[in-house]
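Participant: Model the full structure from these sequences, guided by the hints.
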Amino acid sequence: MNVVVCLKQVPGTTDVKIDPQTNNLIRSGIPNIINPFDTYALEEGVRIKDRCGGKVTVTSMGPPQAEQMLREAISLGADEAVLLSDREFAGADTWATAYTLAVAIKKLGQFDIVICGRQTLDGDTGQVGPELAEMLDIPLVAYVSKIEELTAQRIQARRMIDEGHEVIESPLPVVITVTKEINVPRLPSLRGIARSQSAVIPVWNTQQLGADPSKVGLTGSFTKVVKIFFPQRVCQAEVFEGELEAQVDRLLDRLKSAGLI
Amino acid sequence: MGIRIDLDKCTGCGACISSCPFGLLEIKDDKALVKEGCTLCGACQSPCAFEAIIIEAPAKTAAADAGHRGVWVFVEQRDGKVKNVAYELLAEGRKLADSLKTEVGAVCFGHGIDGASLIAHGADKVYLVDSPDFVSNPEDLCTTQFVNLVRQYKPEIVLAGATPLGRAFIPRVAAILKTGLTADCTGLDIDLEKRLLLQTRPTFGGNIMATIICQSGRPQMSTVRPRVFKKGVPDKTRQGQIIKVDFDKARITSRTKLLSFVEDVSERVKLDEADIIVSGGRGLGKPENFALLKELAGVLGAALGSSRPPVDEGWIPYSHQVGQTGKTVCPKLYIACGISGSVQHLAGMQTSEIIVAINDDPNAPIFEVATYGIVGDLFKVVPMLIDKLKNR
Chain A
1 MNVVVCLKQV PGTTDVKIDP QTNNLIRSGI PNIINPFDTY ALEEGVRIKD
51 RCGGKVTVTS MGPPQAEQML REAISLGADE AVLLSDREFA GADTWATAYT
101 LAVAIKKLGQ FDIVICGRQT LDGDTGQVGP ELAEMLDIPL VAYVSKIEEL
151 TAQRIQARRM IDEGHEVIES PLPVVITVTK EINVPRLPSL RGIARSQSAV
201 IPVWNTQQLG ADPSKVGLTG SFTKVVKIFF PQRVCQAEVF EGELEAQVDR
251 LLDRLKSAGL I
Chain B
1001 MGIRIDLDKC TGCGACISSC PFGLLEIKDD KALVKEGCTL CGACQSPCAF
1051 EAIIIEAPAK TAAADAGHRG VWVFVEQRDG KVKNVAYELL AEGRKLADSL
1101 KTEVGAVCFG HGIDGASLIA HGADKVYLVD SPDFVSNPED LCTTQFVNLV
1151 RQYKPEIVLA GATPLGRAFI PRVAAILKTG LTADCTGLDI DLEKRLLLQT
1201 RPTFGGNIMA TIICQSGRPQ MSTVRPRVFK KGVPDKTRQG QIIKVDFDKA
1251 RITSRTKLLS FVEDVSERVK LDEADIIVSG GRGLGKPENF ALLKELAGVL
1301 GAALGSSRPP VDEGWIPYSH QVGQTGKTVC PKLYIACGIS GSVQHLAGMQ
1351 TSEIIVAIND DPNAPIFEVA TYGIVGDLFK VVPMLIDKLK NR
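Chain order of the listed sequences is A and B. Taking this note's numbering, the leading residue of the first sequence gets 1, the next gets one more, and so forth. Taking this note's numbering, the leading residue of the second sequence gets 1001, the next gets one more, and so forth.
Mixed in with the good hints there might be a few duds.
What the hints assert, rightly or not - Computed list of lysine-lysine pairs in DSSO-like fashion (alpha-carbon distance at most 30 Å, straight line):
| # | chain 1 | residue 1 | chain 2 | residue 2 |
| --- | --- | --- | --- | --- |
| 1 | B | K1083 | B | K1101 |
| 2 | B | K1083 | B | K1294 |
| 3 | B | K1388 | A | K256 |
| 4 | B | K1178 | A | K215 |
| 5 | A | K180 | B | K1388 |
To be clear, the hints were calculated from the coordinates, so they are not data collected in a lab.
Facilitator: Quick look at the structure:
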């Protein structure tokens, strides 16, 4: 079973704070991490390899420093890694990103399953996986929380929908996007760490990929950011004062006059 | 192409440094320097008073809107019942179409759908595929059918709910049509001069708002979370046209197959539809303390929500999570207990009509979006609330 896992390096934004004076992001000391949702994708890929044999290749489109993340992926069980990096890739929207990944995956050779996290922490769109499936012209099963069965030809996967969950069967090759319910990612092994340090990670640019330069990066993007701004928040809360019980009474009065209780 | 600093204009003032969401700007030799990894997002341009930061994009091919007219809404249904998000989008689509002086088209795949209710909610035309094959929303079929309809009728804008279905198949439609798609928009507007859809969405967990356009591909496509826009009041006297579209089973096939469906009854928390939500955060301290909130929710007839930390800790299932990576809610009353109010959480609940914050930290950001606040120990406040509500 040949598994390809797509990863993205993101700033660990969960703890980002806004400077109340300047309204800017306080970024100091925030390390780059593997997009948390992608860690479940990687773990599932490695588990498939453990069960069925084969190999796990990780790939990422990103700046040169994303190589560090790919090394980390090797320490977590990936066999091979390829970094897609080129200044021309900057400013890519989800369409151009999916295109670049699709070209790379085809270049990697025969594959059975492509696994992506359900969305990224920074862009948060969840679009790249589905767009990638279309560009590879293969089926998609999104929001997978469990692989029920996997054979050389088919996959049966449980996936989340609004009302509950469904079990979907698809032929291989397939793209799946996974939720965090699917597994608990492992920690790096000592052997993995050793391998990751010596691994050779090729870097492919537009030319080496054989990608169409008009379809990558900002040039290949249909969407464009025209304005960036910080949401303004002004504290308008009526914060009650006095004895706690009196505060609770006043709150209940307000809710009563609003017709809520 | 790329970003560059005009060294003649740059004064090295450093105003741009903190604007970079990626922290890639620095001052070197009294001039701004962009480090490797820039995504050309443009956040640094407006803080620069000297217009020294230049982002060069290649001239795009001429606007591709020739012949594309109309605002379309994908109407999601399940088992013949239209989802609320579709009505919300019809109301918003109506506004956009009115300012563009064009029509609203509602596209619905299902069986036994009441097309007239879509007209009452703002559609001028309803493109209806009525087939039992669509009751459980097979994504392969939805994708192909939607692409075919867009190619035939050429709308300029497509709106869809950012539900698990919309988020899974709408990107595939955009990929095939070679056009842009913006996820989770919270604001939509029209640039009339250029006839462009201005799509505003939170990014970086709601830390930054970005306005995005789709300049070359058509249609311009957006997904919108449920409860972001308000449903309109249906007007039964509105006139519209229902266009029945044939489903060509022989030509449109599905590669994937639905084997089984299990409804989540136990975990069905109906956060989307609740009028009142009682929500707990890290301040609860331990899983057992959710019982206290359950009691309050019971007294109020409310649904139970949670911020992310309790879910990550395994205190309560994911289906209760409100926020950027959980559900977006907009109840009449949202009571946040022991929730500090991270931007991610606020992004999922700040449009609630009345927000009550109960937290012992007076500086917690939750108070910035609250209507009423009690600074105090939730383990004293909540029992008091329960007691007084019971004895009313």
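Participant: Take the hints in turn and mark each one as holding or not.
Facilitator: Cross-check of the supplied hints:
Under the criterion of a C-alpha separation no larger than 30 Å, the hint pairing B:K1083 with B:K1101 is consistent with the structure, at around 27 Å. Only pairs whose Cα atoms come within 30 Å are accepted, and B:K1083 paired with B:K1294 is accepted, the gap being roughly 27 Å. For the given pair, B:K1388 sits about 12 Å from A:K256 by alpha-carbon distance, which is consistent with the 30 Å threshold. Of the supplied pair hints, the one linking B:K1178 and A:K215 holds, its CA atoms being roughly 10 Å apart against a limit of 30 Å.
At most 30 Å may separate the alpha-carbon atoms for a hinted pair to count; A:K180 and B:K1388 exceed this at roughly 40 Å.
Violation of the numbered hints given earlier is confined to hint 5; every other hint is satisfied by the structure.
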